[in-house]
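Peer 1: These are the residues of each chain, in order.
There are 6 protein chains.
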Amino acid sequence: MLLHHSTWQEVDDYLTRSKAIVIPIGSTEQHGPTGLIGTDALCPEIISHEAQKDADILVGPTFNVGCAQHHLGFAGSMTLRPSTMIAAIHDWVSSLAVHGFERVLFFNGHGGNIATINAAFSEIYADRSLAGEASNRGPVKCKLDNWWDYKPVMDMCMKTYGKGHGSHATPSEVAVTQWAYPDSIKTAEVSPTIAPNGRFTDAEDYRNKFPDGRMGSDPTLANPEDGGKLVALSVTGLKSSFETFAAS
Amino acid sequence: MLLHHSTWQEVDDYLTRSKAIVIPIGSTEQHGPTGLIGTDALCPEIISHEAQKDADILVGPTFNVGCAQHHLGFAGSMTLRPSTMIAAIHDWVSSLAVHGFERVLFFNGHGGNIATINAAFSEIYADRSLAGEASNRGPVKCKLDNWWDYKPVMDMCMKTYGKGHGSHATPSEVAVTQWAYPDSIKTAEVSPTIAPNGRFTDAEDYRNKFPDGRMGSDPTLANPEDGGKLVALSVTGLKSSFETFAAS
Amino acid sequence: MLLHHSTWQEVDDYLTRSKAIVIPIGSTEQHGPTGLIGTDALCPEIISHEAQKDADILVGPTFNVGCAQHHLGFAGSMTLRPSTMIAAIHDWVSSLAVHGFERVLFFNGHGGNIATINAAFSEIYADRSLAGEASNRGPVKCKLDNWWDYKPVMDMCMKTYGKGHGSHATPSEVAVTQWAYPDSIKTAEVSPTIAPNGRFTDAEDYRNKFPDGRMGSDPTLANPEDGGKLVALSVTGLKSSFETFAAS
Amino acid sequence: MLLHHSTWQEVDDYLTRSKAIVIPIGSTEQHGPTGLIGTDALCPEIISHEAQKDADILVGPTFNVGCAQHHLGFAGSMTLRPSTMIAAIHDWVSSLAVHGFERVLFFNGHGGNIATINAAFSEIYADRSLAGEASNRGPVKCKLDNWWDYKPVMDMCMKTYGKGHGSHATPSEVAVTQWAYPDSIKTAEVSPTIAPNGRFTDAEDYRNKFPDGRMGSDPTLANPEDGGKLVALSVTGLKSSFETFAAS
Amino acid sequence: MLLHHSTWQEVDDYLTRSKAIVIPIGSTEQHGPTGLIGTDALCPEIISHEAQKDADILVGPTFNVGCAQHHLGFAGSMTLRPSTMIAAIHDWVSSLAVHGFERVLFFNGHGGNIATINAAFSEIYADRSLAGEASNRGPVKCKLDNWWDYKPVMDMCMKTYGKGHGSHATPSEVAVTQWAYPDSIKTAEVSPTIAPNGRFTDAEDYRNKFPDGRMGSDPTLANPEDGGKLVALSVTGLKSSFETFAAS
Amino acid sequence: MLLHHSTWQEVDDYLTRSKAIVIPIGSTEQHGPTGLIGTDALCPEIISHEAQKDADILVGPTFNVGCAQHHLGFAGSMTLRPSTMIAAIHDWVSSLAVHGFERVLFFNGHGGNIATINAAFSEIYADRSLAGEASNRGPVKCKLDNWWDYKPVMDMCMKTYGKGHGSHATPSEVAVTQWAYPDSIKTAEVSPTIAPNGRFTDAEDYRNKFPDGRMGSDPTLANPEDGGKLVALSVTGLKSSFETFAAS
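Residue numbers (the working numbering), protein chains in the order written: chain A, 83 to 330; chain B, 83 to 330; chain C, 83 to 330; chain D, 83 to 330; chain E, 83 to 330; chain F, 83 to 330.
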């Protein structure tokens, strides 16, 4: 059940069955020569939309611009400052809490978001920890799952791509978008085959170290079929995680 | 050309042809008994995605949660505080300016966003007005178009729906989503046929005055065919507006 | 009754009769070769102070610096960032709500303030929409009236000034200040007689397009007598609007 | 020369003679049984407007709502949060700096503002201290004068009112407003003759300790004639202070 | 009793005896050729830690970076913006209020902090003044003591150092740190013997006027023995002030 | 070399040798029946102060209140909201950058800080990524090390404490403080011997799940001798990490 495709009465009905919701959250940033700029938002959107097709899971809108300051050296990348992102997540969760949602699972597609999402959770919890019974909001709980972090997903990544998986513009995320958007498959020659890896700070530093945008990956290994398999594995993980979280 | 379905090199190429981009912007809020909660984000997304199919227009990610505090009395509605929305739009535009974008057209689907989007534009311009040559950002210009405000669109709305058009959960916006998402067409009996109209303040006030969420409208007049016509009219308006703006 | 010229006991008494207050709100910005920099704050102040002379209306302090970033290319113009203005209006209204005021009518003199004032109203309402019964503030309602927007006022402007009325440094607002401050009437030759009109973004852009500060207007048409008539018409509009709002 | 009663060209001319400006700053808060709620804004406004009548001093708009949270227990009092006030002062000064103003003298009427005004100065200076040559703003200097702090003013207060002067709703400030607004002179019996004095925290605490709003004062000692003398003494102090500051 | 060296059960016990706590607060900024950069944080820390040795006083962590933008022209100086400092003090006090602390005595070592600390107190009180019974926090009271402001301390400073005491990098504060940290005593020749005094704005202005960092002082007068005496005098002042405040 | 015990000239000299600095960062929060409330700030302070004794490392002030909202159910715990902590870290780093520091190593003692510290780094980098050459600050790089994360430290923890190490109020951190502050060693009986483990959200939730404050640990295993060994191992790790970072 997609929030955007539902009426308010349908959400009212859903709330009689469950107080939990999934929010896909990603980023809008370069993904190397063959990866789509929307990859990190598209992957959790694709997977969560699949998951709700045969499970009673409500999926909210996709939070599609995240923390990507380090990618601003590449055209099309967009970022929120972490302080803005915290404020926005705070507002999203506070809105959902008004309706009685008590469990919000952020289903994430971008490693660079993890710190700020967790900081946002603390910001939200702090309201109630500081105010106690006088709080303006009920005790909503949040959870962060990365779509690639369920063990079968990561196992397949390691087995299929090995050391070419890397950490940015990975073949797995490219494969997921290829499966979902076959008309948007891009091809390019990459050199070196496996991109360099390492630490980075700001956009200039990132571009200097990773000139085509990839980090440690060979995204040419991606194909739509494997993408479909990864989606299926992650869907299973999400369903299970959601069920446990909703019942917690 | 969709930013989310492009690579950074493709955006680099686009920037040699144009410094302009469209950002669909809407809201996640109840739309009466038959309207989708995502209506205000979906309409500008649908129309702008259509527009870029045969025109050289770059469309960015959809800003999908806006100013909807007055709808929080209905399940599923989500809001940003205006101050949060200003910060987020500021970050989006500042990111695009890094890459050399100089014209950002916000293509809007929600009347309740207009004030805050315009306030955000002033916030962005103020940086440069206060700093002059010492500004941290180049002189990017922003524009706000509402998808329904092109004259042929509004003419068709008035002619087709007359006094049943109203101002929230209108048959025109419902029709657009019906055309794009025929599997999500909802039916319901509404009473009175045309909802009441009037002013409102907060969520409790809104719910008291507009008990099923509609304002002044009879959304049961909507059908997918008319939705398709409205999309086509708005696409024409957007293409023309974008071309003029990009050349300004 | 002017808040600034009253004691707290007099306000206590007023609150037994009415829960409504008027806040004049304007801007401090250039108004062309003959307009006063304070015009947009002075006009609503002049009119609201007149209105309270023979009606039981409480008028608060004038909010005298507003959104005027686009005028910073002309000496003496001052601006708040919209985010600052939202915070300030929030504090003003929250203060008034402590005393039991439930209706705050912002009587506005500057078109550039409209978006931000409306955004501020949403920010205020959002507190209560998000917190419901746990809100830290009672359900105060706000309203925005522009002094020139009452129909008889605008009719006189159109009839008296025609196409020379324009949209900034208009003869009507200049006339109002001439009537109230005859010692500060300025004269200058303007060329062209009617200034250019159009869109603008930041201060540099505005100054380039409107080199003497006027937009679309011929302020030399102003005289104090017409100013007095405009004040009288707007006073009537304000009294009526206030009465209706207070009773709503 | 009043900024609000000047044109931008007149300010341009002024800037060829001086880079200094006066900003009257006060508060909107209860002033006991006979004091006006606007007292703290009116006093610096009255005095600075007098001062510019025969001296080349530019006086800007009055910053009329300040830090008065402790007075919110009395009807009509209004406050900014200190963080809001800092943001607003920052914007005012930044605006003036755009035009080349280099000296901003805040002429203050409220003891409760002093801490926050000084904090705002540090906030403004910190921009440049942290950015150095890369600063977005030139090196503007700010100064705070309280209208009552010039020695001859305080001498007259002590001599005229003695221990009845107190610290809030003082006869001196009441006298200044009586001189300027003789139609708004209020009378009341006060008991005890001299109000209690002491420390306070929030609004509830203040109201409990100072039930009629006065602190340590007997404002019934005020009369318009003394008010006129105090204005004259403070005008002299302001002129001298401004001249020195402008030349610094 | 040091909060940092206690367990939560020990604090629970303390709260049965007292609702008051001391927070040492200072700054990290240059203190001339012989003064330690930590002087302003170390002095209140040293004195408050001494005071709790034989009195039932709970001392919290030291707030060690304060308002020091004007010292940024000298290596090692660090500052918070006043708005950041207000937010941080707000959070510290709000945290303590959760546990039932009702009196928070900020024991200060830096004149440049005074304005912002007082502004922070107003910010904290404003929460409750604006919300009344609906406040999210109980009515905590705050107090600011400067370690040097107890009369016997200042008397000794004047008697011992005379006009060489000055206002920054004073022999008294240097002496206190010499007594506590004899291994960190620094020596240098200073010229002129007594540094210049005066007003300042930003870091560049300060460095220009006070080239070795001192203001009006001759810190070579300091010795550890006098430091010990000053500590003892200030300890007595703090104990007495705390006792009175806790009982208020 | 301790910043707090140095003069500005000594820091000037240091900057000719190195552009790197260590900032100990921790938290003020309950640490179970025997752990000190200051544990998480004390551990990195102890270790970094040891490290600088025989290495040319500059150690700044300790950031001693961090993200601890979940511990507010236990007396004495203090927290910053993550948004406040980001602002404060931003100011600290910006200050250091003024002096030419280019590498800031945050040496952390609290797992709950990690997300927010990393978010703060992104906030800092975003300034420059968004502004490029027009940035107000040079390209400073930040790094986060947890004192327990160097492999030999963690190896000793696992070997010495095994499954009694847990994740909060661990015997290793208690041991470190016992070694440094033998006069503050606390004893208590704990039951169960090894505390429960699990996830948590706000303060109420944490207290319900972990009634004596410990998570998964048996802190009674701690002794000062092991604390000294852990300090030595972490000192070695910090020295090596700092050297590499400073040279990067």
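Bear in mind the hints are in silico, worked out from the structure with no lab data behind them.
Just so you know, not all the hints are guaranteed correct.
Note that identical chains are pooled: a pair holds if it fits in a single copy or bridges any two copies.
Unchecked claim - Here are the computed lysine to aspartate or glutamate pairs in the DMTMM-like style, where the Cα-Cα straight-line distance is at most 20 Å:
(1) Lys245 with Asp294
(2) Lys291 with Glu215
(3) Lys135 with Asp265
(4) Lys321 with Asp294
(5) Lys291 with Glu184
(6) Lys268 with Asp95
(7) Lys135 with Asp294
(8) Lys241 with Glu184
(9) Lys291 with Asp95
(10) Lys225 with Asp287
(11) Lys245 with Asp136
Peer 1: All hints are to be evaluated individually against the structure, with a verdict given for each.
Peer 2: Each hint tested on the structure:
no.	hint	result
1	Lys245 with Asp294	within (18 Å within a copy, 45 Å between copies)
2	Lys291 with Glu215	between (51 Å within a copy, 18 Å between copies)
3	Lys135 with Asp265	between (23 Å within a copy, 13 Å between copies)
4	Lys321 with Asp294	neither (35 Å within a copy, 33 Å between copies)
5	Lys291 with Glu184	between (43 Å within a copy, 18 Å between copies)
6	Lys268 with Asp95	between (42 Å within a copy, 15 Å between copies)
7	Lys135 with Asp294	neither (37 Å within a copy, 28 Å between copies)
8	Lys241 with Glu184	neither (37 Å within a copy, 40 Å between copies)
9	Lys291 with Asp95	neither (52 Å within a copy, 22 Å between copies)
10	Lys225 with Asp287	between (32 Å within a copy, 14 Å between copies)
11	Lys245 with Asp136	neither (35 Å within a copy, 41 Å between copies)
Checked against the numbered hints listed earlier, the structure breaks hints 4, 7, 8, 9, 11; every other hint is satisfied.
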